[in-house]
Amino acid sequence: MQTNTPELEVASGSNLVAAFRLAQRAPLILRRQGETISHPSVHSGKEPENYGVIEQLLFSCLQSGDDKSALLCTEQLAARFGVTDEKVTGLRGLYEEATAENRSTLEKCLQQYDLVLSENPINLPILKRRVALLRSLSRPADAISSLINLLDAVPTDAEAWCELADLYHSQGMSSQAAFCLEEALLIVPNAWNIHAFLGEILYSDALSSDAGDSFQLLEDSIHRFCRSIELCSDYLRGFYGLILVWHPIKVLDELTIFARERLNEIVKSRTSTHHLWKGNQSELIAAKEVLDGLDNSDL
Amino acid sequence: MALQGVEQTILRDPALFYWIVFPITIVMILTGILRHYATVLMNNPPKPASTLAESRERLGLIRGVNLRNNCHAVLSKESFEMRKNYLVSAYQSGAFLKDPGNRGQPPANPMTDPAGMEAMMGMMKGNMMMMIPQTLIMSWINAFFSGFVILKLPFPLTIRFKSMLQSGVMTRDLDVRWVSSLSWYFLNLFGLQSVFGFILGSDNAASHMAQQMASMNPAAGVNPFQPGQDPDKLYQSEVENLEVMEHFCILDGVEERVLRHYAGRKSY
Chain S
1 MQTNTPELEV
11 ASGSNLVAAF
21 RLAQRAPLIL
31 RRQGETISHP
41 SVHSGKEPEN
51 YGVIEQLLFS
61 CLQSGDDKSA
71 LLCTEQLAAR
81 FGVTDEKVTG
91 LRGLYEEATA
101 ENRSTLEKCL
111 QQYDLVLSEN
121 PINLPILKRR
131 VALLRSLSRP
141 ADAISSLINL
151 LDAVPTDAEA
161 WCELADLYHS
171 QGMSSQAAFC
181 LEEALLIVPN
191 AWNIHAFLGE
201 ILYSDALSSD
211 AGDSFQLLED
221 SIHRFCRSIE
231 LCSDYLRGFY
241 GLILVWHPIK
251 VLDELTIFAR
261 ERLNEIVKSR
271 TSTHHLWKGN
281 QSELIAAKEV
291 LDGLDNSDL
Chain D
1 MALQGVEQTI
11 LRDPALFYWI
21 VFPITIVMIL
31 TGILRHYATV
41 LMNNPPKPAS
51 TLAESRERLG
61 LIRGVNLRNN
71 CHAVLSKESF
81 EMRKNYLVSA
91 YQSGAFLKDP
101 GNRGQPPANP
111 MTDPAGMEAM
121 MGMMKGNMMM
131 MIPQTLIMSW
141 INAFFSGFVI
151 LKLPFPLTIR
161 FKSMLQSGVM
171 TRDLDVRWVS
181 SLSWYFLNLF
191 GLQSVFGFIL
201 GSDNAASHMA
211 QQMASMNPAA
221 GVNPFQPGQD
231 PDKLYQSEVE
241 NLEVMEHFCI
251 LDGVEERVLR
261 HYAGRKSY
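Going down the list, the sequences are from chains S and D.
Position 263 of the first sequence, counting from 1, maps to 263 under UniProt numbering, and the rest follow consecutively.
Position 16 of the second sequence, counting from 1, maps to 16 under UniProt numbering, and the rest follow consecutively.
Derived by calculation from the structure, the hints in this document are not laboratory data.
Please note that the accuracy of each hint is not assured.
[Said to hold, decoys possible] Lysine-lysine pairs mimicking DSBU-like chemistry, simulated, CA-CA at most 30 Å apart:
id	chain 1	residue 1	chain 2	residue 2
1	S	Lys128	D	Lys47
2	D	Lys162	S	Lys128
3	S	Lys128	D	Lys98
4	D	Lys47	S	Lys87
It should be emphasised that the depicted structure is a prediction, and the values quoted were computed from it without experimental measurement.
Put together the whole structure using the sequences plus the hints.
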């Protein structure tokens with residue numbers, strides 16, 4: 001089972017390079033999995049892990065355009081868990097959406113989802129797929145209202161709250177987005193990425209509002225970034241946000257100096273261990289830019 | 001009490017020891033394993049909510065619990081007050097209830113409600129799984145081994161242990177160090193948890209304690225309500241919990257904390 005470990009490792013990163021590399025190995029993994037299915041007694045202990053790999057593989061294949069392997073993935077999952085299983089129908093829907101060629105096919109997917117939901121109104125994966133589909137059909141208002149319906153019934157789903165926050169944010173409704181992120185944080189209070197995201201939203205809200213509100217919002221935003229740093233001591237976005245927030249206030253104090261030093265260190269160490277951070281290049285580049293900007297303004 | 005300072009000796013066949021201690025221990029371990037697999041086989045997972053309203057009724061309560069547990073780490077004073085007022089008024093008006101019309105009426109008899117019936121059956125199955133093997137083994141031991149004194153502990157004990165170690169042997173003068181067969185059964189019954197943990201893994205069904213703990217923790221399961229329980233009553237008690245809460249926010253002074261935390265460490 002040693003060969004499995006790198007696959008899982010690669011699958012956990014959500015970047016395109018890794019996804020592509022994993023997808024290239026898809027036929028091999030699928031064949032091995034197929035053998036496992038025909039001799040279920042051999043690897044039965046590792047079963048949940050293997051199907052987790054298949055699910056990740058499906059995502060990677062869809063991202064890299066290997067639709068044939070993706071179809072095989074959904075078929076294997078359906079063979080194990082049944083066609084009517086909630087998660088399998090959700091993944092199947094994901095595949096249909098990804099391979100849809102034009103808008104009318106997507107509309108057909110939407111009708112399909114409505115049909116499934118009329119049979120089982122609480123099929124969560126399909127409910128979520130429906131929201132995502134509405135969003136990709138660029139009907140954000142519908143997406144928001146159906147997501148609100150979903151959250152009314154399932155108020156303890158942090159993922160859904162984050163998605164709603166993202167939708168609101170894309171529509172420029174920052175205070176609603178902040179509310180949603182706070183709800184998500186009430187469910188997972190130690191998620192430093194959500195803390196930092198909330199900080200980012202407060203920051204962008206502050207930039208667009210008038211001076212009186214703006215100061216309060218910036219202060220809240222600093223609190224959020226600090227909390228995310230407190231929870232994760234080398235979270236790049238947290239430090240980046242701190243530097244960004246202090247920019248409009250134009251007060252250079254201990255905290256900014258500290259954040260700058262720390263960001264410098266992170267950038268240096270991540271540039272030297274380049275291969276490990278391939279997926280987060282964009283963040284690293286942005287951090288470098290903001291640091292260069294600071295250096296120039298000091299001079 | 002026997003004569004002080006004199007070692008009590010009982011003449012007994014040493015074969016008794018092997019033919020009682022080992023059978024009882026092995027049978028107990030085997031029943032534990034069997035019970036584990038029988039429970040796994042007969043256990044049906046709790047039914048997920050079938051409608052949106054039902055799901056809201058269940059999770060609405062958990063939302064209040066989440067707010068109570070996590071608000072200090074997340075919310076500022078104003079947003080906490082806002083959420084608290086919203087939840088309190090929603091709980092009080094019964095906005096989360098599956099059918100608000102039934103509010104205040106006595107809960108439906110769980111015997112007539114099919115969902116409640118199923119949950120009751122599940123509980124009963126679990127209890128039966130404990131009871132039946134225990135009764136059988138107890139009567140088996142009583143029939144075959146009752147009254148045997150099987151081993152002598154190598155250390156002295158106080159008189160209080162007599163009822164624990166010598167059940168089934170009604171001899172007042174017997175030294176406490178002697179252990180009877182029935183007591184050996186009881187010791188096995190309560191002492192084999194770690195053995196089961198070793199054989200079956202830590203979350204096995206043979207250890208009945210875990211089952212009891214699980215039923216006491218409401219947030220762990222999908223459904224926080226026991227069958228026949230009135231959700232409205234739980235909402236009202238949650239209202240009380242929320243209303244007495246005192247809010248503080250750990251975001252206050254987080255900057256100083258971060259600086260102090262990292263200041264001492266040069267290589268972060």
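To see whether the hints hold, each was checked on the structure:
1. For the suggested pair S:Lys128 and D:Lys47, the alpha carbons sit about 21 Å apart, so the restraint of at most 30 Å is met.
2. Using a Cα cut-off of 30 Å, the hinted pair D:Lys162 and S:Lys128 is violated, with the two alpha carbons roughly 64 Å apart.
3. Taken as a hint, the S:Lys128 and D:Lys98 pair is honoured in the structure, with Cα atoms around 23 Å apart against an allowance of 30 Å.
4. In summary, the hint linking D:Lys47 to S:Lys87 is supported, as the alpha carbons are separated by about 16 Å, within the 30 Å threshold.
When the structure is compared with the earlier hints, a violation turns up for hint 2 alone.
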